[in-house]
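For the record, the sequence lines run as chains A and B. All letters in the first sequence, in the order written, are residues 1 to 519 by full-length UniProt numbering. All letters in the second sequence, in the order written, are residues 1 to 207 by full-length UniProt numbering.
It should be emphasised that the hints constitute simulated quantities derived from the structure, not laboratory data. One thing to keep in mind: the hints can contain errors.
Okay, the calculated beta carbon distance ranges per label pair [unchecked claim]:
1) B:Ala-24 to A:Trp-418: 48 to 58 Å
2) A:Pro-304 to B:His-93: 19 to 29 Å
3) B:Asp-6 to A:Ala-49: 55 to 65 Å
4) B:Leu-179 to A:Val-59: 29 to 39 Å
5) A:Thr-300 to B:Asp-6: 49 to 59 Å
6) B:Thr-66 to A:Ala-306: 26 to 36 Å
7) B:Gln-139 to A:Ala-49: 44 to 54 Å
8) B:His-93 to A:Met-363: 36 to 46 Å
Every residue, glycine too, gets a C-beta built ideally from N, C-alpha and C.
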Amino acid sequence: MATAHHDEHPSGLGRWLMTTNHKDIGTLYLLFALVMFFVGGAMALVIRAELFQPGLQVVDPHFFNQMTTVHALVMVFGVVMPAFTGLANWLIPMMIGAPDMALPRLNNWSFWLLPPAATLLIISLFVPGGGPAGGWTLYPPLSVQTGMGMDFTILSVHLLGMSSILGSINIIATILNMRAPGMTFMKMPMFVWTWLITAYLLLAVMPVLAGAVTMLLTDRHFGTHFFDAAGGGDPVLFQHVFWFFGHPEVYILILPAFGVFSQIIPTFARKPLFGYDTMVYATASIAFLSFIVWAHHMYTVGMPLAGELFFMYATMLIAVPTGVKVFNWIATMWRGSMTFETPMLYAVAGVFTFTMGGLTGLMLSIAPADFQYHDTYFVVAHFHYTIFGGSVLALMGAAYYWLPKWTGHMYNERLGKWQFWLTMIGFHLAFFPQHFLGLAGMPRRIPDYALQFTEFNQWSTVGAFVMGFAQLLLLYIVVQTIRSGRKAGAKVWEGAEGLEWTLSSPPPYHSFAVAPDIK
Amino acid sequence: MTTKADIKSSNRRLARNLLIVAVAMFGFGYALSPMYDLMCKAFGLNGKTGRIEEQAAAQPVDTSRTVTVEFTGLATSGLPWEFKPLVKKMEVHPGETTEVKYLARNLAQEEITGQAIPSVSPGISATHFNKIECFCFTQQTLRPGESREMPVRFVVDAGLDKDVHTITLSYSFFNTDKLSAKKYGGEALGQGENHAHRAHPAMASGS
Numbered sequence: 001m002a003t004a005h006h007d008e009h010p011s012g013l014g015r016w017l018m019t020t021n022h023k024d025i026g027t028l029y030l031l032f033a034l035v036m037f038f039v040g041g042a043m044a045l046v047i048r049a050e051l052f053q054p055g056l057q058v059v060d061p062h063f064f065n066q067m068t069t070v071h072a073l074v075m076v077f078g079v080v081m082p083a084f085t086g087l088a089n090w091l092i093p094m095m096i097g098a099p100d101m102a103l104p105r106l107n108n109w110s111f112w113l114l115p116p117a118a119t120l121l122i123i124s125l126f127v128p129g130g131g132p133a134g135g136w137t138l139y140p141p142l143s144v145q146t147g148m149g150m151d152f153t154i155l156s157v158h159l160l161g162m163s164s165i166l167g168s169i170n171i172i173a174t175i176l177n178m179r180a181p182g183m184t185f186m187k188m189p190m191f192v193w194t195w196l197i198t199a200y201l202l203l204a205v206m207p208v209l210a211g212a213v214t215m216l217l218t219d220r221h222f223g224t225h226f227f228d229a230a231g232g233g234d235p236v237l238f239q240h241v242f243w244f245f246g247h248p249e250v251y252i253l254i255l256p257a258f259g260v261f262s263q264i265i266p267t268f269a270r271k272p273l274f275g276y277d278t279m280v281y282a283t284a285s286i287a288f289l290s291f292i293v294w295a296h297h298m299y300t301v302g303m304p305l306a307g308e309l310f311f312m313y314a315t316m317l318i319a320v321p322t323g324v325k326v327f328n329w330i331a332t333m334w335r336g337s338m339t340f341e342t343p344m345l346y347a348v349a350g351v352f353t354f355t356m357g358g359l360t361g362l363m364l365s366i367a368p369a370d371f372q373y374h375d376t377y378f379v380v381a382h383f384h385y386t387i388f389g390g391s392v393l394a395l396m397g398a399a400y401y402w403l404p405k406w407t408g409h410m411y412n413e414r415l416g417k418w419q420f421w422l423t424m425i426g427f428h429l430a431f432f433p434q435h436f437l438g439l440a441g442m443p444r445r446i447p448d449y450a451l452q453f454t455e456f457n458q459w460s461t462v463g464a465f466v467m468g469f470a471q472l473l474l475l476y477i478v479v480q481t482i483r484s485g486r487k488a489g490a491k492v493w494e495g496a497e498g499l500e501w502t503l504s505s506p507p508p509y510h511s512f513a514v515a516p517d518i519k
Numbered sequence: 001m002t003t004k005a006d007i008k009s010s011n012r013r014l015a016r017n018l019l020i021v022a023v024a025m026f027g028f029g030y031a032l033s034p035m036y037d038l039m040c041k042a043f044g045l046n047g048k049t050g051r052i053e054e055q056a057a058a059q060p061v062d063t064s065r066t067v068t069v070e071f072t073g074l075a076t077s078g079l080p081w082e083f084k085p086l087v088k089k090m091e092v093h094p095g096e097t098t099e100v101k102y103l104a105r106n107l108a109q110e111e112i113t114g115q116a117i118p119s120v121s122p123g124i125s126a127t128h129f130n131k132i133e134c135f136c137f138t139q140q141t142l143r144p145g146e147s148r149e150m151p152v153r154f155v156v157d158a159g160l161d162k163d164v165h166t167i168t169l170s171y172s173f174f175n176t177d178k179l180s181a182k183k184y185g186g187e188a189l190g191q192g193e194n195h196a197h198r199a200h201p202a203m204a205s206g207s
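Based on the sequences and whatever the hints tell you, model everything.
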């Protein structure tokens with residue numbers, strides 16, 4: 001780092017294997033996530049194809065169960081988390097005026113742990129007995145009894161966890177140590193703030209998941225009895241350990257999305273973010289609360305009343321900081337000079353659908369009501385509204401927003417709008433009916449259903465396929481933008497604020513070798 | 001103004017400290033296991049029953065109140081035993097020491113050792129259901145074809161919530177040997193055709 005900076009770098013495969021450049025690694029993360037997005041999406045379409053009609057027609061139930069399980073694992077660990085880490089790699093150094101990430105070699109390793117992890121997970125589908133089929137939550141006793149596919153999955157989760165932990169250490173070190181002089185904490189862009197808090201969450205809970213799956217592994221092969229009632233263990237213990245990780249995990253998926261909304265909305269409303277300080281405090285409060293609400297995922301295990309009440313009230317409390325954020329975004333738009341380019345469409349739609357998912361989350365937080373909703377399609381609708389409607393829409397918005405910066409080319413606005421509307425119509429058609437299916441009692445993770453659910457399921461399947469094929473358009477737009485397109489200026493959007501827009505598009509391979517002046 | 005070397009060393013230091021946090025949290029995940037057991041014992045969660053000595057059980061009998069106690073039992077799929085309570089239900093007074101018997105018969109052609117795991121429902125009443133003697137305190141070994149009547153001596157203490165009128169005591173009997181359990185279908189999901197995880201209907205008995 002102390003040597004002179006130069007723009008030449010190894011070419012070909014070697015460049016990507018050995019790169020320590022934050023922009024290259026960011027690109028690798030984003031491409032990896034894009035590939036996995038299609039893998040996980042294909043699995044979702046297998047699920048929806050089977051559910052087009054009652055009865056069994058496309059796949060056998062065991063394979064169906066593998067699809068629901070691996071779809072979720074791929075989307076959570078292979079798409080949303082790596083994609084946000086990719087954004088962090090690309091953007092955080094440019095946003096805080098740093099020349100690179102704090103620990104560039106570690107950064108390379110964090111990324112290159114992912115492809116082997118994904119390979120292990122996909123291989124699990126092809127070993128005798130098939131892949132994991134008991135749901136992404138890997139609950140015992142099923143996960144202890146199932147075939148060797150589970151061992152592949154467990155090792156894959158270990159690698160994914162290691163990658164996230166190393167990535168988050170790097171992000172924390174970058175933000176704490178590498179800010180340009182004058183870039184105080186309360187001047188940092190919201191995206192940097194949300195990632196700082198997310199990185200701490202990752203650091204706290206990914207090791208707990210690693211512990212949980214290690215216990216599964218030793219229960220399976222090394223004679224321990226953590227979750228084996230016959231040996232004095234308890235399967236419910238796993239649920240506690242898993243959700244102690246799992247609930248912070250869902251905020252790990254959504255907080256960087258909040259950061260993205262907070263970057264995009266002020267740009268296209270042409271007003272500074274409303275309530276910056278409260279946004280920071282709200283994000284920190286959400287992170288804190290995420291540690292004390294885990295058992296709301298398991299109201300039905302037979303907790304005492306006091307426990308149910310505690311987790312119910314704590315969960316409802318999360319609506320307060322989340323509400324602060326939503327109202328701040330609305331207030332940012334209020335009387336702004338708004339225009340609706342594709343990134344803004346995604347941001348506004350993301351806030352809207354996420355709020356719908358938040359509302360159903362509030363319904364689910366009510367312990368007595370949850371006994372009815374538990375393990376139904378209502379839950380499926382809820383988390384797809386939050387994770388797809390929040391995180392994935394934010395990712396797509398972010399892609400359109402920063403793609404001109406990354407590639408130096410403007411994307412095709414007309415196609416972008418098409419892709420947005422097809423995705424939105426497909427999404428709502430796929431998931432809105434699932435609320436009603438769930439309320440009417442259709443259980444999740446079952447390949448067959450009662451006849452009266454047919455119509456809503458058919459809408460849902462049609463919507464899923466529309467949404468799926470709209471992503472081919474996304475792929476086309478991304479490739480087209482990388483290869484050609486109108487030249488983009490340094491400040492791609494007239495309302496954009498922040499250090500990354502002071503750099504050329506695409507930015508030089510080594511940016512901010514000399515720290516910028518912060519006003 | 002900090003130099004590049006300063007930043008580099010403080011990055012290293014911070015990374016090391018954060019790694020220590022990660023390792024500590026890995027340990028915390030394991031620590032949740034004993035913590036969970038302690039919580040279950042302390043608050044009587046999860047249907048885990050209490051165990052007390054004979055003399056400690058002695059307390060005035062409250063004849064003004066009767067509680068129905070139901071008994072069920074299940075030999076899990078890896079244990080080829082017939083297992084059932086000899087009495088399906090009975091009425092007891094709080095404070096009264098009562099004995100019931102369960103029957104276990106080994107249906108296999110070899111000696112097998114099993115361990116019974118009790119559970120009380122509703123879970124909230126588990127702390128008030130105390131056992132003085134139980135076949136679940138130790139492992140049970142049965143020779144081929146051997147059957148055994150096994151006692152449970154228990155007392156429901158007077159602290160039981162007034163709204164609880166029925167308590168169910170349930171046992172799941174497990175094969176203690178994993179290989180043997182697998183042989184009898186305990187790990188039904190295994191490698192291949194049989195994806196359904198089901199108990200042997202002939203062997204699962206009880207309520």
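Numbers of the earlier hints that this structure fails to satisfy, in rising order: none
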